[in-house]
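For the record, the sequence lines run as chains R and A.
Per UniProt numbering, the first sequence runs over residues 1 to 962.
Per UniProt numbering, the second sequence runs over residues 1 to 962.
Source of the hints: derived by calculation from the structure; they are not laboratory data.
Heads up, a few of these hints could be off.
[What the hints assert, rightly or not] List of simulated lysine to aspartate or glutamate pairs, EDC-like, C-alpha gap at most 16 Å:
1) A:Lys889 x R:Asp877
2) A:Lys680 x A:Glu613
3) R:Lys889 x A:Glu886
4) R:Lys574 x R:Glu659
5) A:Lys889 x R:Glu886
6) R:Lys889 x A:Asp877
7) R:Lys803 x A:Asp914
8) A:Lys884 x A:Asp850
9) A:Lys803 x R:Asp914
There are 2 protein chains.
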Amino acid sequence: MECQGKRTDSLDQNDSALELDSSPLSSCEHSSSMQQTHPTVMKSADYEPVSSEERNLDVDFVTTARNNESVPMKDLCPDTVLGPYFSDGMRRVDYVLTYHIQKSGSTRRRSSRFGDNNFIQRLWRSLSTRSSRAPLQPKEDPEVAAQEHQTDYHEDDKRFKRDEFEENLRKTGLELEKDEESTIPGIGFLKIHAPWNVLCREAEFMKLKMPTKKVYEVKQGSNVVEKIRMFIHKVTAPLHPKVNTSRSQCEKPLCHAFSREKQHLFDLSDKNKFFDSKTRSSIVYEVLKRTKCMKPKYPLGLTSLLANGVYTSAYPLHDGDIVGVNAEPNDRKLLYEQWASYSVFYKYQPIGLIRKYFGEKVGLYFAWLGVYTQMLIPAAIIGVIVFLYGCATVDDNIPSMEICDPRNNITMCPLCDQACSYWKLVTACGTARASHLFDNAATVFFSVFMALWAVLFMEHWKRRQMRLNYVWDLTGFGEEEEEEHKDHNRAEYEFRVMQKKLKQEHSGLMDEKVKLTCTDRLPAYMTTVVMMGFMITVTFVIVFGVILYRISIKAALHMSSHPVVRYNIRATVKTTAAIINLIIIIVLDEIYGAIARWLTRLEVPKTDKSFEERLIFKTFILKFVNAFTPIVYLAFFRGRLVGRPGNYLYVVGSYRMEECAHAGCLMELCIQLCITMLGKQLIQNNLFEIGIPKLKKMLRKRKSELDSIQEQVLHNTLKRYEKDQLLGPFVGLNPEYMEMIIQFGMVTLFVASFPLAPLFALLNNIIEIRLDAKKFVTELRRPIAAKAKDIGIWYNLLRGLSKVAVIVNAFVIAFTSDFIPRLVYQYMYSPDGTLHGFVNHTLSYFNVTDFDPGTEPLQPMHLGYKVSVCRYKDYRDPPWSSTKYELSKEFWAILAARLAFVIVFQNVVMLMSDFVDWLIPDIPKDISLQIHKEKILMVELFMKEEQGKRITNGNKQSEFYY
Amino acid sequence: MECQGKRTDSLDQNDSALELDSSPLSSCEHSSSMQQTHPTVMKSADYEPVSSEERNLDVDFVTTARNNESVPMKDLCPDTVLGPYFSDGMRRVDYVLTYHIQKSGSTRRRSSRFGDNNFIQRLWRSLSTRSSRAPLQPKEDPEVAAQEHQTDYHEDDKRFKRDEFEENLRKTGLELEKDEESTIPGIGFLKIHAPWNVLCREAEFMKLKMPTKKVYEVKQGSNVVEKIRMFIHKVTAPLHPKVNTSRSQCEKPLCHAFSREKQHLFDLSDKNKFFDSKTRSSIVYEVLKRTKCMKPKYPLGLTSLLANGVYTSAYPLHDGDIVGVNAEPNDRKLLYEQWASYSVFYKYQPIGLIRKYFGEKVGLYFAWLGVYTQMLIPAAIIGVIVFLYGCATVDDNIPSMEICDPRNNITMCPLCDQACSYWKLVTACGTARASHLFDNAATVFFSVFMALWAVLFMEHWKRRQMRLNYVWDLTGFGEEEEEEHKDHNRAEYEFRVMQKKLKQEHSGLMDEKVKLTCTDRLPAYMTTVVMMGFMITVTFVIVFGVILYRISIKAALHMSSHPVVRYNIRATVKTTAAIINLIIIIVLDEIYGAIARWLTRLEVPKTDKSFEERLIFKTFILKFVNAFTPIVYLAFFRGRLVGRPGNYLYVVGSYRMEECAHAGCLMELCIQLCITMLGKQLIQNNLFEIGIPKLKKMLRKRKSELDSIQEQVLHNTLKRYEKDQLLGPFVGLNPEYMEMIIQFGMVTLFVASFPLAPLFALLNNIIEIRLDAKKFVTELRRPIAAKAKDIGIWYNLLRGLSKVAVIVNAFVIAFTSDFIPRLVYQYMYSPDGTLHGFVNHTLSYFNVTDFDPGTEPLQPMHLGYKVSVCRYKDYRDPPWSSTKYELSKEFWAILAARLAFVIVFQNVVMLMSDFVDWLIPDIPKDISLQIHKEKILMVELFMKEEQGKRITNGNKQSEFYY
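Extracted from the complex, chain R is given alone in its bound form:
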């Protein structure tokens, strides 16, 4: 009577009984057995093995399922058969493990169902070798280990391990069904279903936050704010994806960590939908991770089993088909239509749905990408305006006017030894005018703007993340869960530890806890350091090679007597060099990625998190060095190590270091950036991400000589898990993030020299979002829903980059552009306070008699008159000075001004950034209010409940006593 606790228990029993009854195939003895074993299930940590009846039951199921095969498929609705269900058509497949089977007999029997199709066999064989290398989803590398060890373990041994593993899985309460006779020959499927009580138990363990019955109104700020919000929402209505959210935006269910004892709090009206497919599969994955094979020499977890090839792949199922007759409405289809399509490129992303389908981690990636793209819009607009300002003022620009004015009869010193001759400055008119587009006062403003933009972006993202955390009920989710994840050791690490243990046991040494120490890893670390150093050197050497290419080609072309060739020299050299650079960057990118992975594997990191961190660290350094070395060279070194006429700097024998065109190197930096950004994005996105998959598909099609109708039929008769088996494995989000980080670097680091970078990035990202979306929805297996509160290390990298960007931009403006010299001239040297005479001021005098013998031009009379003094771009004392050709006072004054600018710029921008950072609160005010309110509501709910309980209790008590 007073037993409140017991009451919930019995309620619970009823619930589970109900749930099981809803499955037509679950026989009476099943539900009764459940009832019997229930109290043990209630135990949380060390649940008892499921009773033997139940185990038998599962075997029965499998048998029944096999028997069912003889029943013609058509008798059942195709949805039930082909959907993600067990062969009973009721129990949902929450997870699939696949393995190799060698019994060709059964395969033949199966394939004979399709009669004539020898090709299918061939097709599946070719595909299955591919998919057999597909590892457990969140990892990327056990495939190699798998191949290494594959030969060691015989098939029988594998089967025994599988049997033990499956036995253990059943003990945890999961229900299994095997399908070894699927359409895909050589592959057996183990379908896993989590019944209601397992789901509840695990949800409680995992402290999953589930919606309670209590729904509360989300009030956003005061009335005015709310109205403005509504107005904006109305105006942007066409931009919102047509995703019917079941609840209005103003309501939010109160969520609470699921607890079986508090089941009455939750809305369990539809138990099949209480845990959605994402949650179900992540629960099963949690159980799988915990289950171990204990019989082999050392315990084997799922990761180890996958690594050893006992299982070939493990994945949860997609919700349904995207296209075709079987495609009933499902989240995947909705995502495909409303998100993974180029036709909706202008719309917001349905982040809530993405998170619901793929989990928080993927959701956060796309939310981040969305915020980044959104933030690029103002940057792109301002960038275009800055560029247009450059275009508009090009005719008013005094320095370029002076260069283009033929009356300023300035004779320049030759650009190369012997082959080149003196030239008129007026021929550089085009370059000078083009230079102005990217080198004007607006550029400085734009640099400051972009530095602040980066800070604003970070702040905006922090707030958005906080908002998402609130909406997704992650506010309480803390380190505990992550720590758990961290503690899960990698298979390779365990294997190595095992090896070490065995070795120690052989040598008689016994230690309680064997772990890999630094000394064990020392060779790997050494290799890493050496390889990283080597690869960075390779990058430098290649950049230097390109420089040599440029110098030599230029010299060679100058030798040529064709006037047309000579005319196009500069353009040709610049463009080819930039393209070569681009190709090298793209090729090295792929190589470096592979090498970083290999090096990280060598180090045998303990946990997945550590592996990921180390890999990201290496990849980031290598890819960054690769992408930015040529750019950094152009920005800061080119034209600075030239020497002066009569005393040039020579490299590799007799090659003179290259100089910039008159108007600075900014122009060339700009071209390089433009080609790198455009090319990299076009090639990597379009070729690698769109082209090659299409090409592969086409090739496959031709190879199998399969016409489209047949494929259609095939696809329609394939079961859900078979279809998903054909998709590519999910390899994590790191490559996507990395690509974006490099792009962010391009956008912020050298924005002073290329104001169009944000525009290019924006255009690329609009495609990138939909491209990634398509990949996730259609081409990859469904990832395990991983929880994440933030984007982790990437945020720190972004922060670091935006800090570095400030100083890099300061240097670009100060040293690469002519901004400071112009300013100094205007305010220190100009007689009338304008830029008139600036060009003359930047050019030093050189007496042609001071040429080293053998370097003077072969055609001194090329211009038609004898040249006695030529000019070159530098600040040096004239030949008639006592300190001839030494750096002049102007040089030092301008250098001081440049350095002062760097200091001022860096500190002012940093201060402003810190100020903005401090000004904008990390947690939006309405969200912090809501979180507070939610806490109060939660306490209220519990209080009310407790009170209610006490009253009932009290009544009962009084009944009892009186």
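Following the hints, position chain A against chain R.
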């Protein structure tokens, strides 16, 4: 039988009954009434008012207490009577409220007990006016409001409010006792005692973490680490304070939020000691904060009541006496002996005990101060070494050798117009040699070292804080509690809101939620901005005034014909100016503190937290500007705005701006820093903090003409709460922190110019710790134990300062010291790569015929020969150059080098700092392991308990069924 929940209830009842029985005066009806009301007490949010019997009981108590007075005091042991107990000698006084009483009759009756002592009355009257202004402890300002409103409310009104408030307090279950006839006339005491059930209930509300029975071993790292730790502990044993911690350091009880339902988990063997005095008083304070007077026009909380003078002060009691016959062993005495004594200055602080007695916030302050002082030791050592290096190399220093060499017959231009004449550089020999002490290569190293030291300090503190958080079980303590604290509105804010509401009601406007908007506060904000601007201007003007003083005194002294006077000119001027600066700084410091407080009160911040933040912000800015303006002027502006001979810069008519001595301004900066630091600390610490209180005491003694024996007697017969009433109120930690932050600024900001700063700071802090300790233990009332996880805003200020320090030091080295010019000379201009000729290089030539008429010296033949060309310290072209007296190429080259140095220094040091920051994990590894372990243990404990329950349950059930 199955009623598990009920079982604990009854257990609970027994417990409380037991507790109450332990009090001899608590009559039977009391404990029975408790039993009856118990179920309602169990309700958590809206507990019922205590039943009327109980209330009567409380009145009884008071009556009994009054009756008791007639019983001679001596009959009870003095400990019980004078200790912190109710008059029954059993119930502990957890909190005291005081109020004015006007019945002089009772006072007379009371004072007559002491017979002849009219002086006592006078003494108490003088003291009580002081203490009546003592506000609720954590606030500092309602005293003014109290005085304002004091006249408005009549005494009767106050008494009614008090009666209602006390009524409400009794409803919450607190027990009260009044003492209106104490030794101190005119002051009534309301003693508050929290009985066990109230303590339990509130502890559950406040989620206080209490130790459970489970004790676990704290294992720190591996064996080797443990051994090293033990060894260090043994070696430093004499440094540890002799505080007997009840448990060994290797054990720690598992703590868990107190819950009445889980009482069996906690060690309740001694209920009187389960909640210590600190916890008891903070629990009572929590109840007091929540209780409101509802009858007046608007609800009055404790803060408002204090502000309105209904109560005059509120404080918890100290544990006992420090000295004297009544001083039984107690924590306060232990603290006094082992901590608040100069004789233990070399020992560690007993942080655990401090926290136990004063709470976490005070504990953190002293822990921080300790870490800071500890970290200053290496800095001081290195600083002294750097200084000694300067001393040792002073004779090898080529520039000063050259200056001191009379063979270098260099004639310098006059230092002032007319009155001064030419002088020999050799006379500056002493200054040059002294300069070298602070301006050598080691200084640069020391700057870098100190920048990294600052980062290390922050990191070390972060780790120490984390460790303390772990030891003090604050790891779970999060934002919730702080938010709660935040939500508590200030009395003045409520009052203003009330005013506004009334006004709105009058004008017919009705709004649900009235709050102070920006427009309401606009005048205050305007005042703040104007006043802040004005005060900063005042500081600047004063600094400028001191400059003028220096210039004019110097000129005047130069006119004097006494050779002795002229000889001591420089020293005199420097020292007097520095002392004037110091005095101004100290005076303005006090004024600015008061003004900042006034401005913040004007703004009427909503919450205490907001008040504190605004106050700190203002005080920090004002005090910082005040302390550092003269120093910044000396470091960066002095000697830079001089002009050149023939074209000097004149200010205020005909005063020439002052120049530095030959060897740079570093020397003067050093003197200023030295005097400011030493003087400020000596005067503020010794005079203000030691001297003035002593003086006051002495004066008071003389005034009351009380010989020491009488005072002794008086003190021995005073009750605990009367003694505490005589102490000063606790005004928060902010002034202490502020002092330290300014000192930290001195230590880090200009460390490049004064390597002895850390030593001075260290010496000061060793005294400061004990001084503060003495103040807290002996001179102030006990503060309410406030919880805090960190030192809050001060950490950010420290971080900000250490960032600013990097750039300031870069500038000091580059611009104030001669380091860069020496380097540039050595590597660019020196003919032999040494510093020979450096002095000559730094001096420009001036043709005496180019003096402006009227500025040439009156005694040109002062040196005994005619001077045609004199030298001055600057890089300018010589008179024979075409660009005479213009800045020379060397100037620009050195400027560029200086700026380049700033950039390199800043970025390298920042990078190194970030690297160190990244390298050292914020949470010590062993702590994070321990936290993890603790979590697991906690889960285990609960699991075991739950399982045990289930088994019992199950057994019971089976009993029931079978």
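Outcome of the hint check:
Straight-line distance between C-alpha atoms of A:Lys889 and R:Asp877 comes to about 11 Å, which keeps the hinted pair within the 16 Å bound. At roughly 25 Å between alpha-carbon atoms, A:Lys680 and A:Glu613 are farther apart than 16 Å, so this suggested pair is violated. The suggested pairing of R:Lys889 with A:Glu886 holds, with an alpha-carbon distance near 11 Å, which does not exceed 16 Å. For the hint linking R:Lys574 to R:Glu659, the alpha-carbon distance of about 12 Å falls within 16 Å, and the restraint holds.
Of the pairs offered as hints, the one joining A:Lys889 and R:Glu886 holds, with about 11 Å between alpha carbons and a cut-off of 16 Å not exceeded. Straight-line distance between C-alpha atoms of R:Lys889 and A:Asp877 comes to about 11 Å, which keeps the hinted pair within the 16 Å bound. Of the pairs offered as hints, the one joining R:Lys803 and A:Asp914 holds, with about 12 Å between alpha carbons and a cut-off of 16 Å not exceeded. About 11 Å separates the Cα atoms of A:Lys884 and A:Asp850, which keeps this hinted pair within 16 Å; it holds.
Of the supplied pair hints, the one linking A:Lys803 and R:Asp914 holds, its CA atoms being roughly 12 Å apart against a limit of 16 Å.
Violated hints amount to a single one, hint 2; each of the other numbered hints is respected by the structure.
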